[in-house]
Structure formats: C-alpha cells, structure tokens
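In order, the protein sequence lines correspond to chains A and B. Going by the working numbering, the residue at position 34 of the first sequence is 34; the numbering climbs one at a time, nothing skipped. Going by the working numbering, the residue at position 65 of the second sequence is 205; the numbering climbs one at a time, nothing skipped.
What the hints contain is simulated information worked out from the structure, not anything from laboratory work. Glycine is no exception: its CB is placed at the ideal position from the N, C-alpha and C atoms. Where hints are given, some of them may not hold.
As the list claims (entries may be wrong) - Below, a sample of chain A positions facing chain B; criterion: calculated Cβ distance under 7 Å:
| hint | residue |
| --- | --- |
| 1 | 18 |
| 2 | 79 |
| 3 | 80 |
| 4 | 82 |
| 5 | 83 |
| 6 | 90 |
| 7 | 91 |
| 8 | 94 |
Take a look at the letters that make up each chain.
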Amino acid sequence: MSVPLPLAEFVVSLLIVIGGSFALIGSWGLVRLPSLMERLHGPTKATTLGLGGMLLGSVAYFQLVRGEWTTHELLVSVFLFVTAPISANLIAKVHLHRLRLGEASESVGPTGVPAPPTADTDWATHEAPHLGTPGDMVGD
Amino acid sequence: MIEYALGFGFLALGLALALNLWRLLKGPGVTDRILALDTMVINIIGIIVLAGIAGGSGSSFEAALLLAMVGFVGTVAYAKFLLRGDIIE
Numbered sequence: 001m002s003v004p005l006p007l008a009e010f011v012v013s014l015l016i017v018i019g020g021s022f023a024l025i026g027s028w029g030l031v032r033l034p035s036l037m038e039r040l041h042g043p044t045k046a047t048t049l050g051l052g053g054m055l056l057g058s059v060a061y062f063q064l065v066r067g068e069w070t071t072h073e074l075l076v077s078v079f080l081f082v083t084a085p086i087s088a089n090l091i092a093k094v095h096l097h098r099l100r101l102g103e104a105s106e107s108v109g110p111t112g113v114p115a116p117p118t119a120d121t122d123w124a125t126h127e128a129p130h131l132g133t134p135g136d137m138v139g140d
Numbered sequence: 141m142i143e144y145a146l147g148f149g150f151l152a153l154g155l156a157l158a159l160n161l162w163r164l165l166k167g168p169g170v171t172d173r174i175l176a177l178d179t180m181v182i183n184i185i186g187i188i189v190l191a192g193i194a195g196g197s198g199s200s201f202e203a204a205l206l207l208a209m210v211g212f213v214g215t216v217a218y219a220k221f222l223l224r225g226d227i228i229e
C-alpha cells in the first residue's frame, strides 16, 4: 500500500494543526473559566485530545512519509488517556477537601459547595478509613 | 506543508505554555497551581513529539513517555500530600 506523498503530508499537517489547536483551546479554558471545577474541563479533555491528535500525526508521519512503522506514540497516548481522568479526579478531591476545610472559598463554582453524600456521612477525604480496609491504622 | 504545520503547532503550544504559566503564577488556590503544572507537562510532551517529527528521529519518544509518567506521579504526589498530609502512609 502506498499513499501519494502530497496526500500523506496533508494528513500529517491536518493532524498536527488540529492537535495544536485543541491544546491551545484547553489552556485558554484554564485561564478563561471562572472556577476550579470548570477549569478542570479544559486541560483534562481538550488538551489530552489535542496531544492524542499530535501523536497520531507523528505515527502517520513516520509511517506514510518515512516508511517506518512505530508504535511508541500509541503507548504515550494510551498512558495519557488512562492517567488524565485519575489526576483530574484527585485534583477535584483536593478541591472538595479544601472547600470543606474552608481553605478555598474563593472559587466555589455555579452550583455552590456540594452537600455530603448522605446525612450521617461525609466525603471520604474527611473520614478515617473504615476498619478492615487498607490504612485503618489498626492492623499495623 | 509539514513545516508550516509544525510552525503552527510550536506556536500554539508555546502560547498554551504561557497561558499555563499565567495560571500557575496567579493561582488563586493551590489546586489551580497543581492543575496548571499538570497541563504544562502535557503541553511539553506535545512539544517533544513535534520536535521528534521536526528532527526526523524516533528517539525522542522515550523522553515523552518518561515525562508522561513522571508528570502523573508528581500530580498524584501533590494531591495525596494535600489530602492526607503524607505521600506514602
């Protein structure tokens, strides 16, 4: 299978431009949006997608233009797509923790401070670990 | 054509890094700064990938993969320290 060179260059350029645009839009959202919970959307979705586009462009460049088959880039993008939601979840947990402690009152967001999950419990970041779970400080 | 696309990509990622730096310096909270650092790592990985295309060598992707791992571990360490007061309990 051989792709004509102008078409291959067009595909690679398109992927790079789309990826760069998404990365820029994500960082612009990080500056522009008013509260932290909204700011989380920009980097975790738009920037990660933009980087995925650039990595696909890199795979296409080495495959179509230079004729070398590489998969390192797919490894990087899979790793990023797995870890971006985890780090976003941890940052949101830190934000909730500090809201409940009263240390981050300036960026609450349009929905206000979230209520505890049920009336007689609290967020997991504020409760001691339950007995029998890792980190309960009894077994060790 | 690829040269122009690479120029646009470098410009966009440089501007994105400047915006992240603004958020990192301004805050207002410590969580905003962690988020800004996390985004900076992702943008720098993008720059490394584009530099790999521009240089035509496939050897820069180990650096990208290492930076992705170290950036994730750094974010998790920051978050765990703020949540629990300790990184490894």
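Notebook entry, point to check: Does the structure break any of the earlier hints, and which numbers would those be?
Noted result: The structure breaks hints 1, 4; every other hint is satisfied.
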